[in-house]
Structures are given as structure tokens and as C-alpha cells.
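Line by line, the protein sequences are chains A and B. Throughout the first sequence, residue numbering follows numbering that gives the first Met the number 0, covering 0 to 788 in sequence. Throughout the second sequence, residue numbering follows numbering that gives the first Met the number 0, covering 0 to 788 in sequence.
The set of hints was computed from the structure by calculation and includes no laboratory data. None of the values given here were measured: they were computed from a predicted structure. Heads up, some of the hints might be wrong.
No copy labels: a pair is met if it fits in one copy or bridges any two.
Below, in silico cross-link-like pairs of lysine to aspartate or glutamate (DMTMM-like), each with a Cα-Cα straight-line distance of 25 Å or less [to be verified]:
(1) 442 with 93
(2) 638 with 353
(3) 388 with 646
(4) 388 with 755
(5) 746 with 645
(6) 650 with 314
(7) 87 with 686
(8) 445 with 655
(9) 776 with 695
(10) 192 with 325
(11) 163 with 531
(12) 83 with 695
(13) 388 with 759
(14) 776 with 140
(15) 445 with 779
(16) 638 with 183
(17) 192 with 181
(18) 119 with 386
(19) 378 with 653
(20) 776 with 314
(21) 87 with 645
Residue-level listing of the chains:
Protein chains: 2
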Amino acid sequence: MEDNYHKLEVDGDFQSLKSTHNHTQANDTDSQVQILGGSQRDKMGSRTTLIIVAVVTAVLGITLGVLIGWFSSQAQFPDSEAYKIWLKALEGEDEAIREMILEELNADVIKENLRTLTAKPHLAGTPADKENAEYVKDKWDEHGLDSARIVPYNVLLSYPLKEKPNFVYILNPNGTEFYKSDPEEKDLDDGDKHPDTVPPFNAYAAEGTVEGDLVYVNYGRIEDFQKLDEELKVNVTGKICIARYGKIFRGDKVAIAESYGAVGMVLYSDPADYAVDGIETVYPNSWWLPDTGIQRGTLFVDNGDPLTWAYPSTENAYRYPESSVDLPKIPVQPIGYENAKHFLEQLDGDRAPDEWQGNIDGLANYNLGPGLLDERTVKLEVNNIRERKWTYNVIGMIRGSQEPDRYVILGNHRDAWVFGAVDPSSGTAVMLEITRAMGKLVKSGKWRPRRSIVFCSWAAEEYSLIGSTEWVEEFAKNLGSRSVAYLNVDISVQGNYTFRAKTTPNLNKAVFNAAQNVRDAPFPGHSETVYDTWLKRNPDGNQPKVSNLGSGSDYASFLGQLGISAVDLRYTFDSDLNISSYPLYHSMYETFHLVSEIMDRSFEYHLAVARVWAEMSRNLADSLILPFDCRDYTANLEKSIAALKEDYEQKMNEHDITFDAIDSAFGNLTSEAVAFHERIANSPLNDPFYVRRINDQLMYVDRAFTDPLGLPDRQLQRHVAFAPSSRDAYFGEAFPGIADLMFEIDKSPDPAAQWERVREHMSVIAFTIQSVATTIKDAESIDTLAPQR
Amino acid sequence: MEDNYHKLEVDGDFQSLKSTHNHTQANDTDSQVQILGGSQRDKMGSRTTLIIVAVVTAVLGITLGVLIGWFSSQAQFPDSEAYKIWLKALEGEDEAIREMILEELNADVIKENLRTLTAKPHLAGTPADKENAEYVKDKWDEHGLDSARIVPYNVLLSYPLKEKPNFVYILNPNGTEFYKSDPEEKDLDDGDKHPDTVPPFNAYAAEGTVEGDLVYVNYGRIEDFQKLDEELKVNVTGKICIARYGKIFRGDKVAIAESYGAVGMVLYSDPADYAVDGIETVYPNSWWLPDTGIQRGTLFVDNGDPLTWAYPSTENAYRYPESSVDLPKIPVQPIGYENAKHFLEQLDGDRAPDEWQGNIDGLANYNLGPGLLDERTVKLEVNNIRERKWTYNVIGMIRGSQEPDRYVILGNHRDAWVFGAVDPSSGTAVMLEITRAMGKLVKSGKWRPRRSIVFCSWAAEEYSLIGSTEWVEEFAKNLGSRSVAYLNVDISVQGNYTFRAKTTPNLNKAVFNAAQNVRDAPFPGHSETVYDTWLKRNPDGNQPKVSNLGSGSDYASFLGQLGISAVDLRYTFDSDLNISSYPLYHSMYETFHLVSEIMDRSFEYHLAVARVWAEMSRNLADSLILPFDCRDYTANLEKSIAALKEDYEQKMNEHDITFDAIDSAFGNLTSEAVAFHERIANSPLNDPFYVRRINDQLMYVDRAFTDPLGLPDRQLQRHVAFAPSSRDAYFGEAFPGIADLMFEIDKSPDPAAQWERVREHMSVIAFTIQSVATTIKDAESIDTLAPQR
């Protein structure tokens, strides 16, 4: 019916169109008058002449007519720049632009960026925070972004007091001091120490002094505390725990210790996890942690400013009283392994299980405690203060030519515990090079992306993803409806083994495509592209391995609060090393020296990340149809559902809970995903509204996975399919509500009520999956609002 | 910079475009060959001939050239139907279409629709529910909608038992029966009674029998109970309350009575509110309620199926145990005023205050109780059952030609307590006439709206807006991102005094415009258009009066859960009558006789509503730029904020809470609204993406007013600026969170904590208003993501 209900006369009345550029038509009218005047003066009489005149006149006439016809019809159509851009887009993406951007990116510039950025410590809330924000803003203005602004937030941060250091003591039974930990790391490479270096501490650890028996709790995971309690029969109530760093987010270690009744906690980095090549092969000669090195880090287990849960920390925003916020209630302090040895070698009690034994040189046995030899005790004195401070995001923008209200967002945090040469300045150095390269093209007039590209330099990420979370909260409405995707690079290079990506699965192909377009850094036996190395060194079947997004960097609130599809990209070390992070993580030794002399001398790994990040951004910003693939989402979920079944189905069945509704919804989603991509392949690409419609559907897939009511007991974690694990914020868990509700369900105070919640949440999952299926149904069809059932 | 970065050659290579409709070009090529052939046969030699030949050739050549030029350029551009539609839209809306729709709508057809729809009772969950759904679906198929489907939900409903009627008794002190209420209404007009007529009852009233003293509680409002408790010193704990209908939602009367400890409630309609012209001037001679007439109605104070809060009642959805749901815990029964007289005249105790006195014929004094004369007591026996039933929405769709993924949604509920000739069949009869008229135009090929028009025939509205709420919950993601507006007509004609509208204020102008385009029903001294009458009879300054949306019909979940802009339209009685509803509301006497013989004999009031509803829908579906006006929103909010200040500012200031943040955000919103509409007035309308962008911003204004966390203690009421009052669901309250939190704050168990909540919510309001301002900022500008501050 659509074919004939419009009786439009194509050459009809378009006078109503606003035409500000009609000089072409006017010029053409002038020419017409002149030529006609010329032909009227023609008076020759011979037959040949007649023919010549006829032919010439005909040719001229035809030519003229063609011109008139062309320009007349021209003027009839929307005579706008926008229309040209649209036609251009129909030709497909411009490979020349891709190459120009990739070629412009320069390892040496990245290196110089890093040198500048790491010249001094730049901790959130300090004067250096603001200086760096202004530096980034100035750079972006200079690079030619259309606009760049500083967006400040006033948030609760936490600092140790230089004049009143934190200590962990061993006390003799008479109360005298037997041993005292070092308040600072030692300078190992000339100039590593800076007056502004913040002493090692754990952010938000409670101020206070506690004294008591020490217990060794291995990594401080829930399973470690369970084992202590149930098998090893060591009660930590009223005790101070010493745990080694690694495996899970440190904030969870403290929260779990608190829940078991511990009154204080000491965290240290064991050589087994941070210096596996021996005491000599450490910084400044290697990337391994020296015995004086200490990992700083936050303990807050939620995201954003602790005082403004769910809302932005603008100047006049309401703030919860600090006492009502879920911050650590016990003092906690991190130490290095040289210091830790003093405590561990004194530990009384049984020998810890074999798998709990660490690798401190000269320490034959790790005992459990409780208590030290000779009735010595431990005193933990923490003098941290919590203070409201201004901190500064910087937001820059390249305005999209055709769809400026569609945002491809790149983000990296700027704040560092100390110099941050790896975390995060390796990422900042790369982002600044991307803005330079893209800005140059924009300034030159050679390129303007179809959609807007937004660059974000985040504040106070280290404290709990504060800058990004406050921004997501402030602009939730615009970001929720307009964001295409969020592409995060925190650390860009934490090793030189392989590229790695965490993704929402619909972006897998976009990452793979970008990686296939980028030559990898040259190293012995290297393959040609980033993708090739990745596939070879970390395969998952016939594709490179990708992981789910957990938390631990700034994508968390984009995905968790708003359901914005996201990736987290970096170059990393070999996972066979079995270490939880690069060894110098959050220590004072994350220096320019470390990166430029040890980790990436040529900066080509940095360059590789810059290129993949830039190319993926360009692709998302320029492609006519967004490069999302829903089928990769269903493939991922299929595995996750199978895993859920393996873990829980039998037990659920005993309580009359089945996977039937989930299976049914997932079946629908799977077939809708296939149908959707078939429809895309056959799209009428010459219809702007059709293109926008399809793109909106692609873009809103992760939105459809969100539930405004949030996961059980986690209201701001709204993505039903993926969230950080409740027992390790670093880990991206699939269908986390189930894992949470089923966790030790038999031990819950009211198992029947808990089973009822499981039953309810299983229904929510099925409903949510069905919502996603409905989102990608043909939007023209009544199926999107009234399914056949 | 945008002007020159594209080096596009306009006559370049567009071969890659899919061109399925190139017959125009082909035809032209044929013509070209014939004309050239003709000109080649011309061999004449005279001078005159020469000139003629030259001129003719030139003319032909030019003509030919124009054609070639025209069609060549034609083929270069997207050769699609979509493109023609787009060009057509640029010409503006088609007034001929408007007139065709308005003229097609026919009062006689509406009358016949109503006759059919009211032939028998059609209560939700009964076989008639499904039959009617099928009837509507068949009609829509016949009318030529592109698709129509039945969408069933399985929900908790409530019924009385015919075989075990509900009674209210007066018992003698010895327990014998002194009086018993009538279980049914009497047949007054031949055929009013039908075997399927459900006996009068209140849905979800608890099953049970209670006995005790009776207390008269006036309208059962919070202020009535307060007065009883504080001034009149009558304690209702353990008592049965008798309340007159009117003023507020009956469900709130029961909830308040419960909270005061009442054990049962009797509701009746007092002649003071329902039969003001005396006992003779009642149905079937007039529209006033006869003494046997009884108002049915639900008592559930939330929206949707009580068992599936927040999620759709699909077959396998999780359902809360009934015991955990907030349904009435006491038995409640409605009676007529003849029956009520028996109870009221027996009431002991003090005379009720003057303003509590009703107008039952022959009853000089309304006493308060507690208790009846001669130590008689009241027994209330309610045998209702709650039962899960299938109920049926019908969803129909006219696919939009250009933006099928933008939905203009019309809704009306189909279920009635009995015949429902006013509520809701007067609306259904009108909606069916709109689908016929629009369907006819679509079938004829004369029209297809730019955006999709969705028609919804709701199930089980009477029970608690169940059909619409479940649908909103099921399709929340698609509706949230794609809905333009929801236009509700429940009752279309409940009086013949004036048209009235409840709106989100951004739609005021669209309603006014539609009303200005529609001739009003003819009545003595009538004005020309619906707008004229409305303005004359219910003015608010120089405009007709509009009200805020509360609850009480199916727009509630669209606005409250999703923030979809909405209107509720009807023709109504003179508000000076000071009655809460038309008198026969929810009684058995809402018959075809009532409407066709008393309320709207010519059906021209129905026709007027049909036309305004249809025209507003067409306008929203066809206009290039959506006819929303944000300035009307700010004008409305300005008054609301002033009212808030008048009520609360002084008291808040005493607790160091100010309106500063709200004033500041509102100032921003006001100036953004002005700037936004200036920008729209100067839009480059020839850019489809620009148009879509502006429309998305207009469309999302009410979305931006929502907070996913909901209002204080009302998680699914997400609109921060408007919600049903917590003490009267019928009333649309502005900034309802404040009214709720401030209500009797001094009497709250912990006033300091409550003040803290006020402080927090004031901040949420300021933030939300600022979010709306940000939503309508220029989407190209960095201001949308990084404001200057």
C-alpha cells in the first residue's frame, strides 16, 4: 500500500523549503539569457549552414537544457550540507581516513606525553589534579577538538597524614615496641621520590588504633575466611588480620574481614604474587616489586562519591552523613613484604595450608596465628582523614557531522596514586595522542566523524570510579538515550604479551575488526596484526579470548547504571604468570623509568593500543550501520546460562524452580538476533530514518538488559546479565543476581524466603531476556508491542 | 569548518545505491530516441525555415536537455519511496487529510457502536471480556489497520458470589436480624437487569464477616478521620465505618480507615452528592442516581496486577503470594442511599458537624455513632473471592510511513462494571469510530501517518489499570524509547457542559490546536469550536483550563513508570455542580438508554471528542516537528513551585532547607525552554537527522522528569513533578514527594530523620529539573555533557 498513496509531483512546489544556498540556480539563469541572445543573432542562409546551425543549436540547447534540468532538480532537493554528508555516508566508510588516523599516531609523541604526565605525583583532590585537568583541557583545545571543558565535582576523598604516619607495630607483652613498619617506600632509582608522594595507605580505611592478636588469612577471600572458620578453626573475631594482596579486589577483603568480626587488617604483597623471579630481579632492574614496594588502593566497595549515592556531587547536592555510608569501619594499612616478614615470621599457631604458603625469602613456614610468638601483640595505628575535595573531569568533544546527538565516548582516568606511569598515565598518554591525531584531521577539514566523539579524562577513579560515576549520574538522561558505546582504556600497557579486551559481547566484532586493522608492535616471533598475536597467544576457539566486564575501571557505571555497551582495552602480560596485576601496581615505582626502560622501550605497545582504540572509535563514529553484533551476545549468554545450570539447576529443581522461562526467552532472543542481522543485511540504506531506526535498536540492546529496580540488594547495578561479583568487584559475573541469592542459601537466616527471592529473580531474568528480544524485533511490526502468543 | 571539509562531487558515483524503481529514467530514454528521430527528418531550406528550425531545434533541444538533466540528477539521489515521503513532509501537514478524517467521523456510527458495546455486561475476566476483545480485534481488521492482536494477561481479579451474596445487617441486641441490605440494584427501566450483571461489590475487599459498632466518617478522607479522632473524640478502632462516596478515591478511604483500626467499611452514595435534584428526578428520567443505585469499584491503591508488581503478568511470570500484597485486609461493601438510610437513622452519638450532614430524604440528622440506637449492632458479611483470570488487551497499529518506530498511542479501556455505557463504552464507541475513519483513509491509499499510530483497548482497568499497566511493564523498553505520547479517553462523555483535558503541560498547545479545529456539538448559546466553549465555560486566564494528571485511568503507568507525555480527554459536566463524578458512575444504570436518551441524544458530544482525539493524534503522527511546547511546562511548574513555597518554605527554612537549588535549576530550565523553541523555529528542516534530533528532545522531556529510584516510598512512581496524591489517587499532585514527606512531619516517629529525607528530596527535585534543562540544550553543544559552571 505504501507504493502509491503519495501523489507527489517531483517537479512540484518546493518553494516552502528554506534555501540559503541558491546561487547555483541564479548563475545558471544568467547563462541562459546570454546564450539565447547569441542564438537570436544567427542569420545565415545556406543549407550547410542550416544543418550546422541546427546541429550546433541542438547541441547547445541540449547542453543548456541538461544544465538547467540538473540545477533545477538540484535546487528542488534539500540544498544542504547535511544532504551531501548523507550521500557521502552511503558510499561507505572512508578507508583513507582510517589510514590517515592510524598513520598520524606516533609512538614518540606518546612517550613524550607520558614523560610530561609522570613528572610528578597527581593524586585526586591535590593541586596537581587541577593542574593536570587544565593541562589536558589546554591540549585538547590546541589539538582542535570543537570544545573541551573541566567538570568539577566535590567529593569525599581520603588521605594519610604525613605528619602523623600510619604504623603497624609489634608490641612486647609489656607494651614496648618490638618492631614498627616503615611509613614510606624507599627511593630506589634516583628521583623516584617526590615531596608530593603520598605515603602508602588504603583510601577510606577507618582512622583508629587497634591492638590484638594477628591472624594470617591468605588472600582474604570469602573461601579463605570460611576455611579458617570451618576447617582450621581459627576465629578472627576481635583479631587483626594480615592478608596478602591479589586474586580479588582489596575492598572486598576488608568487607569480608569486617563481616567476620576482625578489628583491623594489614595488607601486603607477597613475592609469590609480586616478585616471582627472586629478590634481586626487581625494580629498578625489572618490573617485579621490590621488598619496600607497597600497593596503595581504595577500600570503598561501591562506585562514586560515597556521600552522594545515585546522584551527582555538584556543589549544592544533598550529601548523606558520613556515618550513614557503607565505608570501612576498621583501620587497614598496606605494607611491603620486607616489613610483612617481621609479622609473619612471628606468627604462632598452626602452619597454614600448603596453598596458603607464600614465598617470602627466608620464611619457611607461614603460620595462621592467632597471635605472635612470645605473647607479642600487634598494634595498628591508622591516622587517615576523610575530606571533601574538588576533583576535575575534563570532557572534550568532536561534534558529529550528521548525528551530533550520538556519542561515541572514550574515557581514561587521569588521577594516579603516585606517578601513575602505568596506571593510568599510560592510557592518558595514548588518549592525548588520539585527540591530537583526530583533531589534526578535523582542523584540516579532511574529516569530521558522522557521530560525535566525546573524550573523557576522569577524576578520582582510584578512590572508587568517582569522576566517571558522578558524570554518568549527572548526565544519565542524555547519556542513556544518546550514547553509542563507551570505550575505556585505564592502563594502556601493563605487559607486552598480548592485547586483551573486556567487552559487552555485542562489541566483540568491532574490537576484532579494529585489531585486524592495526599492525602489532614488533617483537620476536610476532605476527602481523594485533589481532593475530591476540588470537595466537590467547585464543578462545577460533577467536581471540574476550572477557566480561566486571568493575575496577570507569566503564562500570556506564554499563551498570545505564546499560551502555562498553569495552575495556589494554596490552597485558601472559596470564600463565598467574599474577593478579603487574607487580608494581599502585606503588611509588610506577615511573617513567619503568615504562620507558623496562615495559615498552619503543612505545610500540602503547602505539598499538592507541591505534586499536582510535580505529574502533572511528568505526563506531563513522559507520552508517553501527558495528554491533547481537549474535555474539547470544553466543556469550548461551555459555553463561549453561554454566548457571551446571551450578544451580539441580538444586533449584528440588525447590520447583526451573529454567523453562529463561530457556524460552533465550530461544526467542537467539532467533530474533539472527533475524535482526538478516534484516540489517537487506536494509534500504538510502532511507535515513531506517538507518537511524536500526542503529537505535542496535544501540539499545544493553539498555534493554537493565532493570530500573536493580539487582537483588544492589539497586544501582541494573544490568541483569553482567555485573561485578559481590564477592570480588574485579570479576565480571554473568547473571550475578543468581550467584548472589544462591550463595550459601542453606545457611541464610530464612532459606524459604531466600528461595522465594531466587524464584522471583529467575522470572526477572527471563523477562529481561525477552525484553531484549522485543527490542530487536522489527520496529515496524506489531510484534514489538503485541507478540503472538 | 563544516562548510568545506567535504569534497563531494555531486555528479559522482552513486552506482552503489540500490535503485529498485528506475522506470522513470527508462521511460525518458525512450522519449529521447523518438524525438531525435523526428528532428532528423527535417530537411527544409528557406531562411524562415532556418530560423524556425533553429528555434524549434533549440526549444526541443532545451526541453530534451532539461528532461535529461532532470532525470539524470534524479537517478543520482536516493530513488526511494522514503525519500518522496520525506519531501512531502517538508511541505507541511496536509489540511485535506485533517478535513477528511474529521468529516468521516460520524455520530450515528458512534451511537451504533455504543448500542452494540452495551448490549450486555462486560466485566473483566468474564467470557464477555474475551468476546469483546475479539469483537474489537475483528473490527480493527475490518477497518483496515495494518495489524491488530489480542494480548492476554493472567491477573488477580475479585468477584462477589451470586450464590452467597454480600450483606450489611443491623442486628438486634439478641443477635436476630433487624435489617438486611439489598444484595442487588432494582430494575428501573425494562431490560436494565441482565443475568450477567455483577452484584454491587468493592473489588479486592477482604472476604469476612465482622460485627460491631458503626461510626459515620463523612467522606472517609484523612482530614475526616483526623477530625473524628482529634476534635470529635470518636475512636474508630474495632469499629465498622460508614462513609459516603465522593471527593477522593474509594481505595484511599478504605486504606485510611484500616490505618485508623477500623474492622470493616460500608460505602454509600449520598443524595447530596449523587441526586441533588430530589428523589423523583433520578434515573430512568434523569442522570441522577436512584436510591437503589450503587457504585461499584476497586479498592486496590496501586496500579496493575497486585501479584506481579513491576513486571508483566505473563503466563509464567513470578507471582507474589497474595498474603504479601497490600490488598484490603477488612471487608467492605457498597450500598445505595435507600439502604444507607436504615443505618444512618439508627446512629447514636453526637450529631455530625454541619458540613458532614448529607441529604437523604427524611433524615434530619446524621449522627456520628459509635453504635446504633437500642444497642443494635452492625454485621458486615462479605463473600468476595479473589481469583486469577485471563483478561485481554487488544493492540492495533497503523504503521508509520517514515518513522514507524515512533508511536502515537491512543488508549481506552474496554472492561465495565456492568453495561458501562458511559464508563468506558462511550470511549470505546468513539475509538472504534476513529479506527474506522483512519483505517478507511489508509485503505484507500490517501493517507498513511508519518509515525505509527497504536490503538489500545485495555483490559481490567476497573480493577486497578491492570491491562495498561501490565502492557507498559512488558514493553517498557520499546515504549520508553519510542513513544511520542499517550492519549487516553476513558469515558468520552460524562456530561455536556464542556470539553476538559488533563495533560502533561507540554501537550497543552496540541490539545488546544485540535480543539480549535473541531466544531463543537450544537447546544443553546454554543460557540463555534470545542475550544471556544471550553474557554468560555472553564477558563484559566486567556486559555481553557487544563489539569494535571493524577491516576484513575490508563495514562497513569505511561506517565508514572515511563515518563511518557500524556493527555486524558473527555466531555464533562459543569464543575459548579460540585459532584465528584457523574451520578450513575459504576452503577447498573450506565445504560444505552442513559446515554442515548438523556446525556447525548444526538451523539454530537461523542463526535466532538472523537474529532479532537483523532485530530490531536493525526497532528502528533504527521507533523514534521512534534507539537510539544516546553514553555507551557515551565509555566505550569512555576505555579507549582510557588505553591510549594507558600505551603512549606517557611517551615523548611526553620530547618535550614531552602529552595535555592530548585530556583536555580528552574531558572536554567526556563531559559533553556525559550532557547530551545527559538532554535526549533530556525531549524534546518531539510535535514532529516536534525528533525529527528529535535523531536527526540521534545519527546524525552517527560522521560527526563523521571527518577529510576522513584518517589519516596513509591518506587514505581518515577515522575518527580507529577504523581497521584498519596491520600487521593484521583488527584494529580505537583512535586508529590514533598507533600508526602512533609505530611504531618511533626507527628512522624522520627522528625529529624524525616527532615533529612525532605532535605534529600529537595535536592533530587533540583537535580531532576536540571536534567530536563540538560535534555533540551542544543544536542550539538558540549553544554549537554559539560556545562559551564
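> Does the structure break any of the earlier hints, and which numbers would those be?
Replying inline: 2, 3, 8, 10, 11, 16, 19 and 21
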